[in-house]
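So the protein lines, in turn, are chains C and A. Positions 1 to 300 (the numbering used here) are the ones given, in order, by the first sequence. Positions 1 to 276 (the numbering used here) are the ones given, in order, by the second sequence.
It is possible that some hints are incorrect.
Short, incomplete list of chain C residues facing chain A, as computed with Cβ under 10 Å [stated by the list, open to error]:
hint: 1; residue: 21
hint: 2; residue: 23
hint: 3; residue: 31
hint: 4; residue: 45
hint: 5; residue: 50
hint: 6; residue: 54
hint: 7; residue: 69
hint: 8; residue: 73
hint: 9; residue: 81
hint: 10; residue: 202
hint: 11; residue: 230
hint: 12; residue: 264
hint: 13; residue: 268
Taking lysine-lysine and the BS3-like style, the derived pairs with C-alpha atoms no more than 30 Å apart in a straight line are [to be verified]:
hint: 14; chain 1: A; residue 1: 34; chain 2: A; residue 2: 152
hint: 15; chain 1: C; residue 1: 207; chain 2: A; residue 2: 91
hint: 16; chain 1: A; residue 1: 246; chain 2: C; residue 2: 84
Treat the hints as calculated values from the structure; they're not laboratory data. Heads up, the beta-carbon is just placed ideally off N, CA and C, and yes, glycines get one too.
What follows is the residue order along each chain.
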Amino acid sequence: MLQTNLCGINLRNPTILASGILGVTKESIDRIGKNGAGAVTLKSLCHEERLGNKNPTMFGYGNIFLNAVGLPGQGIDNALKDFKTLDDLSVPVIGSIYGYKIEQFGEVAKKMSRLKPAMIEVDISCPHMDYGKPYYADAALTAEITGVVKKNSGNIPVSVKLSPNVYDIKEIAHAAERAGADAITAINTAVGMVIDINVRKPVLANKIGGISGPALKPIAVRCVYEIYEDVKIPIIGTGGVTYGKDAIEMIMAGATAVGIGTGIYYRGINVFKKICDEMLIWMKKNKIRSLEDIRGCAHE
Amino acid sequence: MNKNFKMQCCETIRNEIPQIMEISEVVSEGKGQKSFFFKHRISCKPGQFIMVWLPAIDEKPMAISYNNKKGFAFTFQVIGEFTRALDALKKNDKIGIRGPYGNSFSIKENACVVAGGVGMASVSTLIDALKNPWIINGARSKEHLIYAKRYKSKNVLFATDDGSYGKKGFTTEILEEVLSKNKKIRIVCTCGPEIMMKKVLEICNRFKIECEASLERFMACGFGVCGKCMINDKIVCIDGPVFNSKQLNEMTEFGKFARLKSGKKVSLGEYHSAHS
Numbered sequence: 001m002l003q004t005n006l007c008g009i010n011l012r013n014p015t016i017l018a019s020g021i022l023g024v025t026k027e028s029i030d031r032i033g034k035n036g037a038g039a040v041t042l043k044s045l046c047h048e049e050r051l052g053n054k055n056p057t058m059f060g061y062g063n064i065f066l067n068a069v070g071l072p073g074q075g076i077d078n079a080l081k082d083f084k085t086l087d088d089l090s091v092p093v094i095g096s097i098y099g100y101k102i103e104q105f106g107e108v109a110k111k112m113s114r115l116k117p118a119m120i121e122v123d124i125s126c127p128h129m130d131y132g133k134p135y136y137a138d139a140a141l142t143a144e145i146t147g148v149v150k151k152n153s154g155n156i157p158v159s160v161k162l163s164p165n166v167y168d169i170k171e172i173a174h175a176a177e178r179a180g181a182d183a184i185t186a187i188n189t190a191v192g193m194v195i196d197i198n199v200r201k202p203v204l205a206n207k208i209g210g211i212s213g214p215a216l217k218p219i220a221v222r223c224v225y226e227i228y229e230d231v232k233i234p235i236i237g238t239g240g241v242t243y244g245k246d247a248i249e250m251i252m253a254g255a256t257a258v259g260i261g262t263g264i265y266y267r268g269i270n271v272f273k274k275i276c277d278e279m280l281i282w283m284k285k286n287k288i289r290s291l292e293d294i295r296g297c298a299h300e
Numbered sequence: 001m002n003k004n005f006k007m008q009c010c011e012t013i014r015n016e017i018p019q020i021m022e023i024s025e026v027v028s029e030g031k032g033q034k035s036f037f038f039k040h041r042i043s044c045k046p047g048q049f050i051m052v053w054l055p056a057i058d059e060k061p062m063a064i065s066y067n068n069k070k071g072f073a074f075t076f077q078v079i080g081e082f083t084r085a086l087d088a089l090k091k092n093d094k095i096g097i098r099g100p101y102g103n104s105f106s107i108k109e110n111a112c113v114v115a116g117g118v119g120m121a122s123v124s125t126l127i128d129a130l131k132n133p134w135i136i137n138g139a140r141s142k143e144h145l146i147y148a149k150r151y152k153s154k155n156v157l158f159a160t161d162d163g164s165y166g167k168k169g170f171t172t173e174i175l176e177e178v179l180s181k182n183k184k185i186r187i188v189c190t191c192g193p194e195i196m197m198k199k200v201l202e203i204c205n206r207f208k209i210e211c212e213a214s215l216e217r218f219m220a221c222g223f224g225v226c227g228k229c230m231i232n233d234k235i236v237c238i239d240g241p242v243f244n245s246k247q248l249n250e251m252t253e254f255g256k257f258a259r260l261k262s263g264k265k266v267s268l269g270e271y272h273s274a275h276s
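Just chain C, with the same shape it has in the complex (with noise of 0.2 Å):
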């Protein structure tokens, strides 16, 4: 009932962890897998080793979670010998990348590829990066990395991950989309800050982080609704994901899959099986018998 076809890569089920959580080993997201969920995300990969932020770097505060890890990786080079391959795990993996600049998106695709994963994502809406210029902002350098990765990525289907930090989400996805992206992963964080009134200074030491968790779910399900209005590819719903009814509401603005992170802060690693048994009992109980019967349907 759940089985989703995403870009012709069949998932046993929609829920996909979402770059950056739990996904720095091999051993680490193959474990996610066993635990249930129906693809799995890589944390984000780029040209050269970063260590990213101080601490802290992520905290969670009633149903907000704010982090600003600052895109730590062992870098592609490194990750080529660590993961030598990923496809021989027992659940589809999504690559995801990025660069500093516009030619590294590619030549990271490039290597990325040579690790022969189920889908490439393109990190370009990271909100800890200082780009010069947010490529995530901007529809035509959007559509120049799209096509850039594109080259690089060979036969395998990519998604590029977009920020709701923008003025209207529907044109970078178009431009995405008119550039060859063969499905759109939304949404990054939103920016916000926490600053703790007895020190007087904000608690990340990169002072802003982006917010995840039930809060960021209302925006999600939004730049969705609104982006499925637009494009006609694919679009993977993360953002707040956190029971069974969220991925079907995710599903009912458009989503083809849901994206689940911060979901594993409040849950537990197994909260893709909990999604998916909740996700089970609603459809039963709505006599829905596949998510195609319910996919874009707040539209109508």
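Starting from the known structure of chain C, arrange chain A on it as the hints suggest.
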């Protein structure tokens, strides 16, 4: 104690912003080693840790080394930028604390506790919870030995690399002697340099005695999300930091490899030089 301090069970409401606390007492434990005491109650089990925040500097995990009705403490050794900044703090200064996090040691009698250096801090509340454990406390030299006078048990044995206190040599040599002479010992709990713990595990395997070791890896979150503290498929902050014989024997990275802040897998030696 603030009620929010303890991690809440409710699935979607969790508060893990550091609580700002005043250092009520600073105790020098050895060379470059201090304990900070706090007059706050904390509900924790032996072997659990807290995240210690120095605003605008960094945040690191620290074992809870004293815990009673009056409050709790953690003990650190100066090794890098963060611990140097800690070292500069005084009584009444304020720092941020969140936690406790992680699992805990099994509390089983007829236990032998083996600690190397500041690793003693991670097993100290376990010792407090046991009736009369064997304690093997080792360090580089007398001046680096912590808690030398803390335990009144007659079964406390000391080892120093230079022989300046207790036996000259390694804790593992004493462990072999103790296990040979005392067939009642059922479990060995250990914390210290990973090479030492690996040796402790091998000895326990040979004597067919259960072993539990508290491991250290670079951490950012402390609650199983960031994925930095992985050792094989285990997440040290939530699956550990305490692991049992079966888990330790299955870990191909134990005693050999660790991951840098970037996630790159390197030898333990390279990991430690990058962190000091």
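### When the least beta-carbon distance from residue 202 of chain C to chain A is tested against 10 Å, hint result
Status holds, d = 9 Å.
### Message
Take the shortest C-beta to C-beta distance between residue 69 of chain C and chain A; is it under 10 Å?
### Response
7 Å, holds
### Task
Would you settle whether the hint for residue 230 of chain C is holds or violated, based on the nearest Cβ-Cβ distance to chain A being less than 10 Å?
Result: violated, 32 Å to nearest chain A Cβ.
### Message
For the restraint on residue 81 of chain C, tell me whether the closest CB of chain A is nearer than 10 Å.
### Response
This hint holds: residue 81 of chain C lies near chain A, its Cβ roughly 9 Å from the closest one there, short of 10 Å.
### Query
Between residue 34 of chain A and residue 152 of chain A, is the straight-line Cα distance small enough, at 30 Å or below?
21 Å, holds
### Task
Given the hint that residue 207 of chain C pairs with residue 91 of chain A, test it: the Cα-Cα distance must not exceed 30 Å.
Holds, at about 27 Å.
### Message
Tell me if the interface restraint on residue 21 of chain C is satisfied: Cβ within less than 10 Å of some Cβ in chain A.
### Response
6 Å, holds
### Query
Is the hint on residue 45 of chain C kept, meaning its closest Cβ partner in chain A is under 10 Å away?
9 Å, holds
### Task
Classify the hint on residue 264 of chain C as holds or violated, based on whether any CB of chain A lies nearer than 10 Å to its CB.
With Cβ-Cβ at 6 Å, under 10 Å, it holds.
### Query
Once the shortest beta carbon distance from residue 50 of chain C to chain A is found, is it less than 10 Å?
6 Å, holds
### Query
Does residue 31 of chain C pass the interface check with chain A, least Cβ-Cβ distance below 10 Å?
For residue 31 of chain C, the interface hint holds, since the closest Cβ of chain A sits about 5 Å away, which is under 10 Å.
### Task
Against chain A, run the beta carbon of residue 23 of chain C and see if the smallest gap drops under 10 Å.
6 Å, holds
Checked against the numbered hints above, the structure violates only hint 11.
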